[in-house]
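Protein chains: 2
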Amino acid sequence: MTATSAAATLLALGGVPLVQAGDDLATIMIAACEANGETLRDGDILVLAQKIVSKAEGRAVALATVTPSPEAIDLGAQCHKDPRLTQLILSEAETVMRVRPGVIIVRHRLGLVLANAGIDQSNIEQDGDGIALLLPVDPDGSAAALRQSIRDRTGVDVAVVIIDSLGRAWRKGTCGIAIGVAGMGGLLDLRGVSDLHGRQLQTSELGLADEVAAAASLIMGQAGEGRPVVLMRGIDRGPTDGRATDLIREPALDLFP
Amino acid sequence: MTATSAAATLLALGGVPLVQAGDDLATIMIAACEANGETLRDGDILVLAQKIVSKAEGRAVALATVTPSPEAIDLGAQCHKDPRLTQLILSEAETVMRVRPGVIIVRHRLGLVLANAGIDQSNIEQDGDGIALLLPVDPDGSAAALRQSIRDRTGVDVAVVIIDSLGRAWRKGTCGIAIGVAGMGGLLDLRGVSDLHGRQLQTSELGLADEVAAAASLIMGQAGEGRPVVLMRGIDRGPTDGRATDLIREPALDLFP
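Chains as they are written, first to last, in the working numbering: chain A, 129 to 385; chain B, 129 to 385.
What the hints contain is simulated information worked out from the structure, not anything from laboratory work.
Where hints are given, some of them may not hold.
Pairs count within a copy or across copies, as identical chains cannot be separated in the list.
As a list, the in silico SDA-like pairs of lysine to any residue whose alpha-carbon atoms are at most 20 Å apart [what the hints assert, rightly or not]: (1) Lys300 - Phe384; (2) Lys300 - Glu333; (3) Lys300 - Ala243; (4) Lys300 - Gly366; (5) Lys300 - Arg237.
These figures come from a predicted structure and were not determined experimentally.
With the hints as extra help, turn the sequences into a complete structure.
Put into structure tokens, the structure is as follows:
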């Protein structure tokens, strides 16, 4: 068997402005593509860092406005964190899974298992007392709305993936994962697909949107690069109706609670 | 801040022949690049599916040659697997972590947490009684040897990453991860790096080689596509002395044993 080649390109857009609460991301995305000499095409995947979606949606919280509960104060003392931050973590969490100095691992209300509920204090303008950035309220909804808005304005069928960086069990280093998906598969179902020798594959599902997220994270840069948007071209997007929540294993089926 | 853009290309090479035990992978890689009209360049990353490395290294085992121990017979009955396969899984495992119908999750002797010890029965020519393919004995060593061999023949500084598809705690779908690395960073250390606003990053380490693995997996195809090699260009490779074992969290420090 001599398969044909397959090629994909990843372009981290330069010149994306700092996003403010209330900004329209579709306008920013279209302008950023133009500024980079690119025109969106059917089949493209537009990958956005969670931070800019959260900022546009006004999910920044000034710590000065947070009153911690007695539980948050206890937890803050236990893990050496600002109790107002632990209050925000608890408010975003469905269950607290592990507590260690500096880190609280929770199952987030979105189903994600996240250190510190995915609350971020980097790449945010800080006032004197600190600002925390929460995940979007409904990242799948945010992705769907952005995809539709781009379609309305340009007529182009673009998939949208919103990503975050996640720590993992058993492995060191964070990896990009999908927290919001629209217009492509979250999972790719491989059941019934045959291998090179006509044998049924053992792997039943591929974490398609998570692999897209990891690939985009690779060229976004984590630090001061300011490249929160990646235009991905040449990737097979799979089913068009996927969501990031497809990637979440039900707690009852998980072997590592 | 208006960062400049960054671009990367992923090319899954077409026409890579079926690899046999004893084949020289450097010869195959160089020929495959030529057949795809590509010349290797300093800074490239060559990503190989674990299967072809294992095959070249003769890691295929005919089940007919395996005699299961009483423990393997018990375990096979418990999880409905061929006891000769469970014998191979036990032989490759350091610890058995979870047993469920159809799946044995182990900490592999390489430190990886893997379903069925990463033993694969797809994309392998089967004889009448079945063949199982084990992971390479030392994938970091395999990557280093291949990198050196390519350098000796072409003079080009190519990083090599050997990848496998991994199931994950809490998330559905497999994702590509690095099991062998040479010539680039396994992890990228971000400690001391500042964000857009001059604030220290909270994330301390990026799983660089795992993101490379996921990106490559995205265009390899899991089924009958027969594209087990990806040439990646335009990625910042980080430190040149990384290994895949850098990505393994010591069991004593893991919160989900």
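Verification of the supplied hints:
Taking the shortest Cα distances, lysine 300 and phenylalanine 384 sit within 20 Å of each other both inside one copy (17 Å) and across copies (13 Å). Proximity of lysine 300 to glutamate 333 under the C-alpha cut-off of 20 Å is restricted to the inter-copy arrangement: shortest distance 7 Å between copies versus 24 Å within a copy. Proximity of lysine 300 to alanine 243 under the C-alpha cut-off of 20 Å is found in both arrangements, the shortest distances being 13 Å within a copy and 19 Å between copies. For a Cα distance limit of 20 Å, the shortest separation of lysine 300 from glycine 366 across copies, 16 Å, qualifies, whereas the shortest one inside one copy, 30 Å, does not.
Within a single copy, lysine 300 and arginine 237 get their C-alpha atoms only as close as 24 Å, which misses the 20 Å cut-off; across copies the closest is 17 Å, which meets it.
Checked against the numbered hints listed earlier, the structure breaks none of them; every hint is satisfied.
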